[in-house]
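**Student:** Here are the chains, one letter per residue:
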Amino acid sequence: MPTFDVQQFRQQFAFFQQQPEWVYLDNAATMHKPQAVIDAVTQFYQQYNSNVHRGAHQLSQRATTLFEQARSTVASYINAQHSHEVIFCSGATAALNQIAFGLMHTVLQPGDRILLTQLEHHANIVPWQLHCQRFGVIIDVVPLTPEHQLDMEAYQQLLQLKPKVVSFSHVSNVLGHIQPVADMVTLAKVAGAITVIDGAQGIVHQQPDMQQLDCDFYVFSGHKLYGPTGIGVLYGKTEQLARLTPIFAGGEMIDSVSFINTTFNKLPFRLEAGTPNIAGAIGLSAAIKWLQKYNNQQIVNHKSLLLKEFYNGLTAIKAIDILSSSVHNAGIVALNVDSEHPADVAELLNQQQIAVRSGQHCAMPLFSYLARPGAIRCSFAAYNTLDDVNRCLLALEQAVEILTA
Amino acid sequence: MTLEQLLADTKPALLDIQQRDLTEIEQAKDWQAKYRVLMQLGKKLPAIPEKMKQPELLVKGCESRAWLMHYHDKTTDKHYFVLDSEARIVKGLMAIMLCLVNGMTTAELCQFDLCHKFDQLNLKPYLSQSRGNGLTAMVNRIKHCCG
Chain A
4 MPTFDVQQFR QQFAFFQQQP EWVYLDNAAT MHKPQAVIDA VTQFYQQYNS NVHRGAHQLS
64 QRATTLFEQA RSTVASYINA QHSHEVIFCS GATAALNQIA FGLMHTVLQP GDRILLTQLE
124 HHANIVPWQL HCQRFGVIID VVPLTPEHQL DMEAYQQLLQ LKPKVVSFSH VSNVLGHIQP
184 VADMVTLAKV AGAITVIDGA QGIVHQQPDM QQLDCDFYVF SGHKLYGPTG IGVLYGKTEQ
244 LARLTPIFAG GEMIDSVSFI NTTFNKLPFR LEAGTPNIAG AIGLSAAIKW LQKYNNQQIV
304 NHKSLLLKEF YNGLTAIKAI DILSSSVHNA GIVALNVDSE HPADVAELLN QQQIAVRSGQ
364 HCAMPLFSYL ARPGAIRCSF AAYNTLDDVN RCLLALEQAV EILTA
Chain B
165 MTLEQLLADT KPALLDIQQR DLTEIEQAKD WQAKYRVLMQ LGKKLPAIPE KMKQPELLVK
225 GCESRAWLMH YHDKTTDKHY FVLDSEARIV KGLMAIMLCL VNGMTTAELC QFDLCHKFDQ
285 LNLKPYLSQS RGNGLTAMVN RIKHCCG
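Which chain is which? The protein sequence lines are A and B, in order. Counting from 1, position 126 in the first sequence corresponds to residue 129 in our numbering; the numbering is continuous, with no gaps. Counting from 1, position 22 in the second sequence corresponds to residue 186 in our numbering; the numbering is continuous, with no gaps.
The following block holds chain A by itself, in its conformation from the complex:
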């Protein structure tokens, strides 16, 4: 196998040709799209645009075929047992909302408990909170160790409270830490809990294997896997998807309707009300097919190298407070300049055309635990180069110099 050629990889992103002066390190927010994805979306609109599953004409049949092929592509990428276990939605947030809403009453009864962790994104906290409050379900939270890792001992103790659902992220969106998801699923299963994994940041780091991981639900967004925005995936085991009350109703999810009773369509359509994001699904499928031409281990190695260089460089800059661990890290580094507000650091980087995110990254409970007003977040993707790393380090040095002058 030839080695990973970052320049060849990067060349497929028109963005970097259009904006060569920018160093883009905001990949955890959204990634750039390769030409293969842009072409697939354009081609759909130019050649096949039609609604799916309902047209009495060949164009619709063609669109339906492409859409269902996209579902199969995703299903096989994550090694789902069945294609219908892939539900298309607008993104990880929509998927988590569907799961939280859908399990209330059918699975979760008043007085039941669910288990989340301290480092979840708001999308894996607030939907639960919203429905748990109404239904009288109790939320427990797994704390972190002083090294900002999940406290696995506390996790096991909290599992003894018999939560019906355990929901946690594959990779922390702030710290980049890869969670021990396989162990966490196994332990949760022993405790009899339904397992939900927020794969928003995990999906691009590691191709997840649903049958091996054996979780009940896994969700992710297409735009964090080189795909378009507005498309995401809710994976669920057939028997678990069947327990979800649909959060949206209308359109294709219906089998028959009368004012006395409505019966629902079968999976996956039962959970896909309304016209789906057809072009988005086709774009996501194109992203996956394109990505599969590369060796994932080589991409992981490349990102590890970038991360190593970045950490090395950071230690040479004075007054840097690094929140992320360099081990078991998927390529995200949260940091601060000592006693400076992250918004100031980010603005000084912005002036030097380094794109990072600053703030609390939709994870306020984590930051109250970390006792910091926020952080800047540098997140790396396979198309980033050592030159990007060095430019970011130089820009940080310049920012520190201006701030501490």
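Rather than coming from a laboratory, the hints here were simulated on the basis of the structure. Careful, some of the hints might be misleading.
Listed below are the simulated DSS-like cross-link pairs for lysine-lysine, each with C-alpha atoms no more than 25 Å apart in a straight line [what the hints assert, rightly or not]:
id	chain 1	residue 1	chain 2	residue 2
1	A	K321	B	K198
2	B	K207	A	K321
3	A	K311	A	K321
4	B	K208	B	K242
5	B	K208	B	K175
6	B	K224	B	K307
Since the structure of chain A is already known, use the hints to place chain B on it.
**Tutor:** Frame of chain A; chain B shown alone:
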């Protein structure tokens, strides 16, 4: 510390900014020079003490928080402000904004076009950032004081 004291401390600071720093920002030879001045501006304004930062004074940006205190002198119909931000660059930008509006009458404040003024100082890009730095939210809060 009282609002009166803060207002009294703010006034000479704004005058100083107006007389010295604005030209320096306009004539800055590079972005580094401009930002060095901007960050000094925030330091010139008095800080609102923590215990005075009541929730109703909070103006939220996505990345940082700021606070605005308002005093309306009914006899002269003039509006005076005190502000603070946890981010230095934002506080500097807000200080410039304050230079322009502090002491305006209700009618003047209502008609005031900050975009135009910021354009003259080459600072307009900071206003178009939708909610990031909270500057637009601060403008809206100030404008609200005249309504």
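**Student:** Can you give the numbers of the hints that this structure goes against, from lowest to highest?
**Tutor:** none
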